[in-house]
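Peer 1: Each chain is listed here by its residues.
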Amino acid sequence: MRIPKPLRNPSLVIGGLITLAIVLLAVLAPLVATHGIEQMDMRNRFDGPTLEHWLGTDNFGRDLWSRMVFGAQVSLSIALISVGGAALIGTVVGLAAGYFGGWVDLLLMRITDIFLGFPAIVLALAIVAVMGPGIVNISLALIVVFWTEYARVVRATTLVLREQNYVQAARALGASPARILFKEILPNALGPIIVLASLGLGTAIISESALSFLGFGLPPPTPTWGWTLAYGTRFIRDEPWLSIVSGATIMVTVLGFNLLGDGLRDVLDPRQLTRSAGKAK
Amino acid sequence: MIAYTIRRLLLLIPMAIGMVVVTFGLLLLIPGDPASVLLGQEASPEAIASLRQALGLDDPWYVRLFDYFAALLQGDMGMSIFQSAPVASIIASRLGATIELAVVALILATLIGVTLGVLAAIRQGSLLDTITMLFAQLGVSMPVYWLGLLLMLAFAVLLGWLPAVGRGTPLPEAVLAALTGRPDVLWDSISHIILPALALAANSAAIISRLVRTSMLEVLREDFVRTAYAKGLRRHRVIVRHGLRNALLPVLSIIGLRFGALLGGAVITESIFAWPGLGQLTIAAISQRDLPLIQGIVLTFAIVFALVNLVVDLLYAAVDPRIRLG
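Respectively, the protein sequence lines represent chains A and B. For the first sequence, this note's numbering gives the first residue as 1, with consecutive numbering after it. For the second sequence, this note's numbering gives the first residue as 1001, with consecutive numbering after it.
Isolated chain A (complex conformation) (with noise of 0.2 angstroms):
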């Protein structure tokens, strides 16, 4: 039997199982967790991995494996709003100024080098420092960094694609500008998106536990991996398991969705867009 092509890019294949582990993880957090978040076991403080605890303990004997899964929902979920609401403020903001060209391209633009030119974390701990933790708050916070780069690729695939045939032919039926943006150009440019989209998962999780870990992040008792791992730094001398746990969570997810990102690029390669699209001209 043949391995379909996507299948045999291990980028995509080690990536997808990862982040579908991870996932999984996040959603079946209250069937997987084997002890509640807050539930103490004085007599194994600092444990290593153990049957009872597979990822050992803290300092109050609060299981690492649960804390760790339930910690899952939280980063998956500002990953994903904050993931989501960039692109479709990146990709809106794109596809005006890809499609309408001019002034309106050149005003889009600059508003969006101007957020560019923030360092993307300084932003971000403004913004919550102002408005206040908080999952929405972070998210808001994050998706005010991340929809610049959406909007850029997106600009760059709709300068492509607005010379192409169908979209020219679109154009003299008649089309509006709304339905020519969303129904011939949008879908064509979801490639690129999604590539983004699945590297900017990693990215907004790396960012919100860098928000938990620098005491910006949801408060506690919420178990955020960047909340704990600056927890497990006051131990960090004689009991460094607990940083160590935390950091690899955060690592190996964010690796997965790299993979994933990687992955996908190599198989809907926007770059053969580009090349089909200048052969069409």
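To be clear, the hints were calculated from the coordinates, so they are not data collected in a lab. Every residue, glycine too, gets a C-beta built ideally from N, C-alpha and C. Honestly, I wouldn't trust all of these hints.
Unchecked claim - Quick partial rundown of chain B residues pointing at chain A, CB under 10 angstroms, derived from the structure: (1) Met1015; (2) Ile1017; (3) Val1021; (4) Leu1150; (5) Met1152; (6) Val1157; (7) Gly1260; (8) Leu1262; (9) Gly1265; (10) Ala1285; (11) Ala1306; (12) Asn1309.
Said to hold, decoys possible - Just the calculated beta-carbon pair ranges, DEER-fashion: (13) Leu88/A x Glu1218/B: 32 to 40 angstroms; (14) Leu88/A x Gln1053/B: 35 to 43 angstroms; (15) Leu7/A x Glu1218/B: 23 to 31 angstroms; (16) Met42/A x Leu1159/B: 26 to 34 angstroms; (17) Ser1126/B x Met42/A: 48 to 56 angstroms; (18) Pro219/A x Gly1125/B: 45 to 53 angstroms; (19) Leu106/A x Ala1092/B: 33 to 41 angstroms.
For this one, chain A is given, so just place chain B on it according to the hints.
Peer 2: Okay, now just chain B, sitting in the frame of chain A:
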């Protein structure tokens, strides 16, 4: 080149205006009365009224925006709420440490990234290529704060080779001291900066190595490389003189962007290694919700980033005429 430089400088003006507007807009994001929120629930009505006046909150937003612009043009970023000092001078006292850390990290990232990228490209498909790219993938996925902690744990706590936190003598001064017969000062300075700079550099080194590998593989397939081999040039000469020189162009273009990422990353790295720079100040300002200081820091980061990008763009245009003529 002069026309291109003037064009790029002029583009910086609307960009800077936009950045000031965004920074000013942070104040508008505060829910409720900003003075009460910034000072907290226990603040006296007099203190709140005084802060309202200091921040100009009784005026309409466009008057405040105009005043903010006017003050910035005179180098006045306002007064810190909690440190009772001008924001500009607080920032100026910290900026050097952050730029030093970011520059050393950028140099490390470029050296490591280019070396690994070239090795992977010239040994494409080998075990070395696989291992290098595996490290690159890990480098991209590893949070800077975790790597920082692991480095600290290994080299400061377990091995005791390097100091865990703090900063030695500023590097430029340490170099001068070494030149006047005090090499110990330079070593002290280097020993303090190695771990934070490595932690900060890892992500950029990974990205640069992937880019160099791709770029190098493309260049090595070009006709002029084949011609160079056909002329009988030695392999290392072809790789360095013909391959690397051309493959490095795209790297130069992303170095400006990486510097922005390094400045952002410095916020986290500095908080781990107690590096007394702008990043540590950012965390302190945000913890205290010292808005004038937060605004000043955000704006400073953006302006430094814009200036670095400008310099990189000009360098890029100088080495690649297609940019300035295109």
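Peer 1: State for each hint whether it applies.
Peer 2: Quick rundown of the hints versus the structure:
no.: 1; hint: Met1015; result: 6 angstroms, holds
no.: 2; hint: Ile1017; result: 9 angstroms, holds
no.: 3; hint: Val1021; result: 8 angstroms, holds
no.: 4; hint: Leu1150; result: 7 angstroms, holds
no.: 5; hint: Met1152; result: 8 angstroms, holds
no.: 6; hint: Val1157; result: 6 angstroms, holds
no.: 7; hint: Gly1260; result: 5 angstroms, holds
no.: 8; hint: Leu1262; result: 9 angstroms, holds
no.: 9; hint: Gly1265; result: 7 angstroms, holds
no.: 10; hint: Ala1285; result: 8 angstroms, holds
no.: 11; hint: Ala1306; result: 5 angstroms, holds
no.: 12; hint: Asn1309; result: 8 angstroms, holds
no.: 13; hint: Leu88/A x Glu1218/B: 32 to 40 angstroms; result: 34 angstroms, holds
no.: 14; hint: Leu88/A x Gln1053/B: 35 to 43 angstroms; result: 41 angstroms, holds
no.: 15; hint: Leu7/A x Glu1218/B: 23 to 31 angstroms; result: 27 angstroms, holds
no.: 16; hint: Met42/A x Leu1159/B: 26 to 34 angstroms; result: 33 angstroms, holds
no.: 17; hint: Ser1126/B x Met42/A: 48 to 56 angstroms; result: 53 angstroms, holds
no.: 18; hint: Pro219/A x Gly1125/B: 45 to 53 angstroms; result: 50 angstroms, holds
no.: 19; hint: Leu106/A x Ala1092/B: 33 to 41 angstroms; result: 35 angstroms, holds
Checked against the numbered hints given earlier, the structure satisfies every one of them.
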